[in-house]
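Take 1 as the starting number for the sequence shown in full-length UniProt numbering and just add one per residue.
Since the hints were made in silico from the structure, they are not lab data.
Since this is a predicted model, take the numbers as computed values, not measurements.
A portion of the hints provided could be inaccurate.
Derived DEER-like restraints, expressed as beta-carbon distance ranges [claimed, not checked]:
| hint | residue 1 | residue 2 | range |
| --- | --- | --- | --- |
| 1 | Leu18 | Phe44 | 29 to 35 angstroms |
| 2 | Phe22 | Gly54 | 32 to 38 angstroms |
| 3 | Met56 | Phe22 | 35 to 41 angstroms |
| 4 | Arg17 | Met56 | 27 to 33 angstroms |
| 5 | Phe22 | Glu53 | 15 to 21 angstroms |
| 6 | Val51 | Tyr19 | 24 to 30 angstroms |
| 7 | Ile11 | Val51 | 16 to 22 angstroms |
| 8 | Phe22 | Lys55 | 17 to 23 angstroms |
| 9 | Lys55 | Tyr19 | 31 to 37 angstroms |
| 10 | Tyr19 | Leu52 | 25 to 31 angstroms |
For glycine and all other residues, C-beta sits at the position ideal for the given N, C-alpha and C.
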Amino acid sequence: MYIVSSVICLIGAIIIRLYQDFLISISHVAYNANHNVYIYLLFFLAVLFAVLEGKMYRTKKYNLP
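Please construct the entire structure, taking both the sequences and the accompanying hints into account.
Structure (structure tokens):
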């Protein structure tokens, strides 16, 4: 469950990054730092979901609390 969310977050971050490069190359707009915040947020969420997935997996495997 969490691993799916993690993948979605990573794909979202990559799409935003590519879209940002695309915008900059098409029209010479001023560099927008707001996009970077979203990228870092999505990567953070992806890592968080991956960690939660690992914890769930360990708990199921060894029946730990």
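Here is how each hint holds up against the structure:
1. For the pair Leu18 and Phe44, the supplied restraint of 29 to 35 angstroms is violated, since their beta-carbon distance comes to about 19 angstroms.
2. With their beta carbons about 34 angstroms apart, Phe22 and Gly54 fall inside the hinted range of 32 to 38 angstroms.
3. Roughly 37 angstroms separates the CB atoms of Met56 and Phe22, a value that falls within the hinted 35 to 41 angstroms.
4. One distance hint, 27 to 33 angstroms for the beta-carbon pair Arg17 and Met56, holds here, with the actual separation near 29 angstroms.
5. Remark: the range hint 15 to 21 angstroms for Phe22 to Glu53 is contradicted by a beta-carbon distance near 31 angstroms.
6. Between Val51 and Tyr19 the C-beta distance comes to about 27 angstroms, which sits within the given range of 24 to 30 angstroms.
7. Taken as a hint, the range 16 to 22 angstroms holds for the pair Ile11 and Val51, whose Cβ atoms sit roughly 18 angstroms apart.
8. Taking the beta carbon of each, Phe22 and Lys55 are about 37 angstroms apart, not inside 17 to 23 angstroms as hinted.
9. Hint check: Lys55 to Tyr19, Cβ distance near 33 angstroms, so the stated range 31 to 37 angstroms holds.
10. For the pair Tyr19 and Leu52, the beta carbons lie near 28 angstroms from each other, so the given range of 25 to 31 angstroms is met.
Checked against the numbered hints listed earlier, the structure breaks hints 1, 5 and 8; every other hint is satisfied.
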